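Going down the list, the protein sequences come from chains A and B. If you read the first sequence in the numbering used here, its first letter stands for residue 5, the second for the next number, and so on. If you read the second sequence in the numbering used here, its first letter stands for residue 5, the second for the next number, and so on.
It is possible that part of the hints are untrue.
No copy labels: a pair is met if it fits in one copy or bridges any two.
Computed list of lysine to any residue pairs in SDA-like fashion (alpha-carbon distance at most 25 Å, straight line) [stated by the list, open to error]:
{"no.": "1", "residue 1": "K127", "residue 2": "A231"}
{"no.": "2", "residue 1": "K143", "residue 2": "I20"}
{"no.": "3", "residue 1": "K387", "residue 2": "S323"}
{"no.": "4", "residue 1": "K449", "residue 2": "F262"}
{"no.": "5", "residue 1": "K392", "residue 2": "D33"}
{"no.": "6", "residue 1": "K441", "residue 2": "R459"}
{"no.": "7", "residue 1": "K203", "residue 2": "T501"}
{"no.": "8", "residue 1": "K41", "residue 2": "W461"}
{"no.": "9", "residue 1": "K60", "residue 2": "I20"}
{"no.": "10", "residue 1": "K85", "residue 2": "K183"}
{"no.": "11", "residue 1": "K14", "residue 2": "H58"}
Just so you know, these hints were derived from the structure itself, not from any lab. Note that the coordinates shown come from a computational prediction; the quantities given were computed from them, not determined experimentally.
Each chain, letter by letter, is given below.
There are 2 protein chains.
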Amino acid sequence: MKSNQIKELKKRLLEIAHLASISRLLNWDQEINLPAKGADYRAASISELSAILHTKLLNLDTDNLLTKLKKEVDSQKIRGKEAIIINETWRTFDRERKLPEDFVRELAEVSSKAQTVWIEARKKNDFSMFLPWLTKIVKLKRKETEYVGYTVSPYDALLDQYEPGMTTAEVSKTLDNLKVFLVPFLKQIRDSKQKINSKALNGKFPIDKQVEFNKKILAKIGFDFDAGRLDASVHPFADGLHPHDVRITSRYALNDIFYSVSSTIHEAGHALYEQGLPVEHFGTPLAESVSLGIHESQSRFWENMIGKSLSFWKYFYPSLRKDFPESFTKLSTDDFYKAINKVEPSLIRTEADEVTYNLHIILRFEIEKGMIEGTINLKDLPKIWNSKMKEYFGIEVPTDSLGVLQDVHWSGGGIGYFPTYTLGNLYSAQFYQAMKKDIPDLPKKVAEGNFIVIREWLRKKIHVSGKTYTAESLVKKITGENLDSKYFTEYLTEKYTKIYNL
Amino acid sequence: MKSNQIKELKKRLLEIAHLASISRLLNWDQEINLPAKGADYRAASISELSAILHTKLLNLDTDNLLTKLKKEVDSQKIRGKEAIIINETWRTFDRERKLPEDFVRELAEVSSKAQTVWIEARKKNDFSMFLPWLTKIVKLKRKETEYVGYTVSPYDALLDQYEPGMTTAEVSKTLDNLKVFLVPFLKQIRDSKQKINSKALNGKFPIDKQVEFNKKILAKIGFDFDAGRLDASVHPFADGLHPHDVRITSRYALNDIFYSVSSTIHEAGHALYEQGLPVEHFGTPLAESVSLGIHESQSRFWENMIGKSLSFWKYFYPSLRKDFPESFTKLSTDDFYKAINKVEPSLIRTEADEVTYNLHIILRFEIEKGMIEGTINLKDLPKIWNSKMKEYFGIEVPTDSLGVLQDVHWSGGGIGYFPTYTLGNLYSAQFYQAMKKDIPDLPKKVAEGNFIVIREWLRKKIHVSGKTYTAESLVKKITGENLDSKYFTEYLTEKYTKIYNL
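The following block holds chain A by itself, in its conformation from the complex (with noise of 0.2 Å):
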């Protein structure tokens, strides 16, 4: 009887699991391919399938089939992984039960069209264009936090969809701390004698000589070209339909290589996350990510502590030279690494060093915050983020398009987003100091191209457990210990100490 209602959650979960994955086509599709004309009829069926997706969520519940099982969880008479699917599945389906149809349907809807008008406000550097669109965001996403309610901030309603059992009040800690520790960690660095020259990695590389370059890493560090693409966007994403399509995007400037190849790495690590979840499990929680902080944790650890290595470029430099003679003949492997490796405050979060990256971060934070606990005025928006920007980065934003209106997140409703990138960071680091503990040599192994091993820690250790754990159980299975931000500051001094002669 239990088996049976077990087996019965797993076929509607199943089926969730596909409608969720076409879903995500059509996004992807929506970046890709679709015509300009498009974006209209696209909305609505993206808006539809929300809708279908909701009504199917609900009927998790049908004759009370998940409420009976959850019961039988509590009473520890179903654990282990069936118990993980269940409770996993409680969490998702009752902040679902609370969203009305309509609503689900309304910022769906929303989503997709403000979208295509962030696109073209950001191409107009218009911010005006963009704030109305954004004002129904903001709107519709406060109204979620009621629906689903919360203890002490708003905010806390949004950040829990995406890093589950962390709140405003850590994040707000957390990235106090961190502040402390980088503004004047920034200071000795731009106070340093040592100047790095980045102009170094300017040149001229036709853009299907870099994807083809971009392709060797992926399928050196061991993406699995079979189960996933990699496509051009605007803004570099990656997007796991099914363990065996993930599909990634980067982004190409003609005058500089790297700026494909971090991001392509960047999106690789959570390509690789995806790929490496049990097929076996599909549909359930045991084939999903823990959490977007542990799954940044994987591009991050990808495209900083491996990419801009210097274990790394000393595989990598001499096929980058023999593919790009002109540029980089006269560059040595050690000034490459430091150019790609320099640190000054920017415009573009994106584009940010790993210094100053998570300041971009901190502002973001305290902007949206401020945007749904009410005490921010959407068209005070640019005004504020420039001030901002002035403040922790000591650096004037020419246009709109450079600041405010550069990230995809409002304009999807991603709002609790941001903070998930630091959390990812200082995973990232913790994870790194037990990577080297069980790999003897491991800087030696990179330079000699043997990826495969970090992968396999990766996928052992955090890929194939889906959602068994949580992130913060997760964490300390791994490294004994709870997130500690030390293990990034000691991985920034180390590092920079270096480059910088600090």
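Given chain A, work out where chain B should sit, using these hints.
Okay, now just chain B, sitting in the frame of chain A:
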């Protein structure tokens, strides 16, 4: 009350249209983007969506909504556009309700997997690999004819889905008549002393330059790139997801640019129809094509009557020469025209000339009629195929890839589809005759590059009406007569008498 009911019907129809459009996207993506390992999960996704679509179709009659409205139409209380919407929806619903949900799901899943197998089997030239899947498909399609019902031949039940109102007996008669004309006409051509050198078309055409040339043609004949796109696939196809999102594919051969050009123009004919459907009626039969035969009349019209006419190349040949001077500088427009119209029995349907093309259809129709009526043993298919090729074309089939495995239709469950190709040819010739009466100096206009006058005629006479008229009544309305194959045979006679000095 009545208007509320119609409003409710339209709402339900719009939901269905969005899901159908999503389903087409899944198929399109499968052909264009899906990684190899994704085939199984994609099949499951498609099957999931088919089941939902099926349920939604049946739900059209929740509270007897559709039954009530149909009664109002039958008693002439509802007329005009609304009556058309209700009648056509009833037709679809009535077929759908006869099919059990499990059957629909199974057919969708089997078809999706069979297509993947077919691609492999064709590549490996291995019919035995495809046979078990074809067997499943035919068994399911025969089951479908029993569910749907028929009076004379089970094949009627399949044909009716693609060409409403047409019967197996009528098709048999029409195709037999055509054979009576084609066989002696082909003999006349083969006996002609006029020999055409189609090798003159061979050259070396970089694919990216071919794509550009194809796009040039598409833009000129009125394909809207803001509402559609062109990609590449093994088997070219057109997919109208929505009037604002119409996707076509072409195929490319390095040594022959006309190979892609003729495909592109053919698919463009389909695409112009889809882009011309009245977007304001999206979701209702008023924004759907009349039938596959009428759809094919549009593609064949553009491909042959226009795209293989001397006037067309008077306009485009200078541009082709400019883009590919090495191949065409020495070839006159007239010799180019003759080369692209060379008549020659050949193995591949999609590469056949206008004269032999319908013999390919006759062969397929006879075989699939036999498959469905149960008079053919599927394992004998290659033998039967090859002996008919010998009988009708006088040629040997060297491999199954170039024979029975060449077409995608059967693997996708599209049995009953082939005859609509020939019907399309017949319709197109009859429409062409009417167009020439309406538009003075048509060849001159084409030679001047004025294609929009053609697109507008087709749009006004055919596209904007959606399903307002049946194929039969549309032909009558536009040409004043019933469908008559004499227009097609006259067209062939006039054109090829000149080319072959008959």
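Status of each hint after checking the structure:
1. K127 with A231: between (33 Å within a copy, 20 Å between copies)
2. K143 with I20: neither (28 Å within a copy, 30 Å between copies)
3. K387 with S323: Result: close neither inside a copy nor across copies, 45 Å intra and 53 Å inter.
4. K449 with F262: within (23 Å within a copy, 52 Å between copies)
5. K392 with D33: neither (35 Å within a copy, 43 Å between copies)
6. K441 with R459: Classified as within: same-chain Cα gap 16 Å, cross-chain 70 Å, threshold 25 Å.
7. K203 with T501: Within one copy only: 22 Å inside, 69 Å across.
8. K41 with W461: So K41 and W461 pass the 25 Å test across copies only (23 Å; inside, 46 Å).
9. K60 with I20: Answer is both; intra-copy 7 Å and inter-copy 17 Å each pass.
10. K85 with K183: So K85 and K183 fail the 25 Å test inside a copy (40 Å) and across (66 Å) alike.
11. K14 with H58: Both: 17 Å inside a copy, 22 Å across copies.
The earlier numbered hints that this structure contradicts are 2, 3, 5, 10.
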